[in-house]
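Can you make the complete structure from the sequences, with help from the hints?
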Amino acid sequence: MKHLLIRNFKLRSWTIALYILLLVINPIYAMVMAKTTWSFILYTPVAIVLMLVSILDSGHLFRIHRRLGGKSSYLFYESLPVSKKDMLNANYITCIVLTLFGALIIGLYNFQATNIDINDLRYSTAISFVYVNFFSIPIAFQKNTERKSEHISYAVYIISMMLVIPFAIALVFTTSNAFLLNNALNTQLYAKFINYGLLLLSVLWMIINYIIQFRHINQRIKKEGFYEAREHH
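FYI, in our numbering the residues of the sequence shown are 36 to 268.
Simulated from the structure, these hints should not be mistaken for laboratory data.
Keep in mind that this is a model prediction, so the values were computed, not measured.
Do not take every clue at face value.
[Said to hold, decoys possible] Simulated pairs of lysine-lysine, DSS-like, Cα-Cα distance not exceeding 25 Å:
no., residue 1, residue 2
1, K37, K106
2, K70, K120
3, K227, K119
4, K106, K119
5, K120, K227
6, K119, K178
7, K106, K120
8, K257, K178
9, K120, K258
10, K120, K178
[Stated by the list, open to error] Have a look at the derived ranges for each label pair, beta carbon to beta carbon:
no., residue 1, residue 2, range
11, P62, F249, 52 to 62 Å
12, H251, G104, 19 to 29 Å
13, G104, N221, 41 to 51 Å
14, N61, L215, 13 to 23 Å
15, I187, L239, 14 to 24 Å
16, F249, T210, 38 to 48 Å
17, K178, L58, 27 to 37 Å
18, K70, T210, 40 to 50 Å
For every residue, glycine included, the Cβ atom is placed at its ideal position computed from N, Cα and C.
See the structure below:
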């Protein structure tokens, strides 16, 4: 599994380097933002980078899959004498580590993307970054972490999870709160419920999917062992 992890992290080496750079310059950024009138000079490029990170890196496993060769990667890596359990574990660990690292960076800069602040219902960028990444496995890689569902594209997934679904939730909340509940629900409280609720759901679904994939691998190993035993007899 060690070599598979090295492979995955090498494929995301530029992303890791960017995260480390942002981590290193964070104290300087905080000092400049607090004490100078020219803070906007530093704020603008950093905000652009964080915006790109919060959107493009919300699908780490998609990007690794593409770097591995896209559709053809599954057939190639399935043919290698590599433990399927190790592949599953390596991909899960890679996704979790990169996601938490990215969320840490977004949180350190207290970055809040305006693209998910809808009708006064504010989604936490750091938390949404985590659950969008975690949801990607059971949604797009539910059968095999090396094999993406053909009908789910990276762009469509990101747009749906970062824009369409948050907008739909905000629309339903705003409409229900205004016309059915006479604005009785607190927007900030509901936003926290949505943020942490989606985060918890993504973690649970990811764990369940891991168990399903792990069992599927075990069943496949038993079948292969059974057929090999029959051939020897």
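Evaluation of the provided hints:
1. For a cut-off of 25 Å, the pair hint linking K37 to K106 stands: about 24 Å separates their Cα positions.
2. Under the criterion of a C-alpha separation no larger than 25 Å, the hint pairing K70 with K120 is inconsistent with the structure, at around 52 Å.
3. The suggested pairing of K227 with K119 is violated, with an alpha-carbon distance near 38 Å, which exceeds 25 Å.
4. Restraint check for K106 and K119: the C-alpha separation of about 18 Å stays at or below 25 Å, so the hint holds.
5. Between K120 and K227 the CA atoms are separated by roughly 36 Å; this puts the pair beyond 25 Å, and the hint is violated.
6. Taken as a hint, the K119 and K178 pair is honoured in the structure, with Cα atoms around 12 Å apart against an allowance of 25 Å.
7. Proposed proximity of K106 and K120 is supported: the alpha carbons are some 20 Å apart, at most 25 Å.
8. As the CA atoms of K257 and K178 are separated by approximately 18 Å, the hinted pair is consistent with the 25 Å bound.
9. Proximity of K120 to K258 is assessed by CA-CA distance (about 15 Å); at most 25 Å being required, the pair is judged to hold.
10. Between K120 and K178, the direct Cα distance comes to roughly 13 Å. Compliance with the 25 Å bound is thereby established for this hinted pair.
11. The beta-carbon spacing between P62 and F249, approximately 42 Å, falls outside the hinted interval of 52 to 62 Å.
12. A beta carbon spacing of about 22 Å between H251 and G104 agrees with the range 19 to 29 Å that was offered as a hint.
13. Against the hinted window of 41 to 51 Å, the Cβ-Cβ separation of G104 and N221 comes to about 49 Å, which satisfies the hint.
14. For the pair N61 and L215, the supplied restraint of 13 to 23 Å is violated, since their beta-carbon distance comes to about 44 Å.
15. Against the hinted window of 14 to 24 Å, the Cβ-Cβ separation of I187 and L239 comes to about 20 Å, which satisfies the hint.
16. Against the hinted window of 38 to 48 Å, the Cβ-Cβ separation of F249 and T210 comes to about 42 Å, which satisfies the hint.
17. Under the hint 27 to 37 Å, the C-beta atoms of K178 and L58, about 35 Å apart, fit the expected range.
18. The supplied range of 40 to 50 Å is met by K70 and T210, whose beta-carbon atoms lie about 45 Å from each other.
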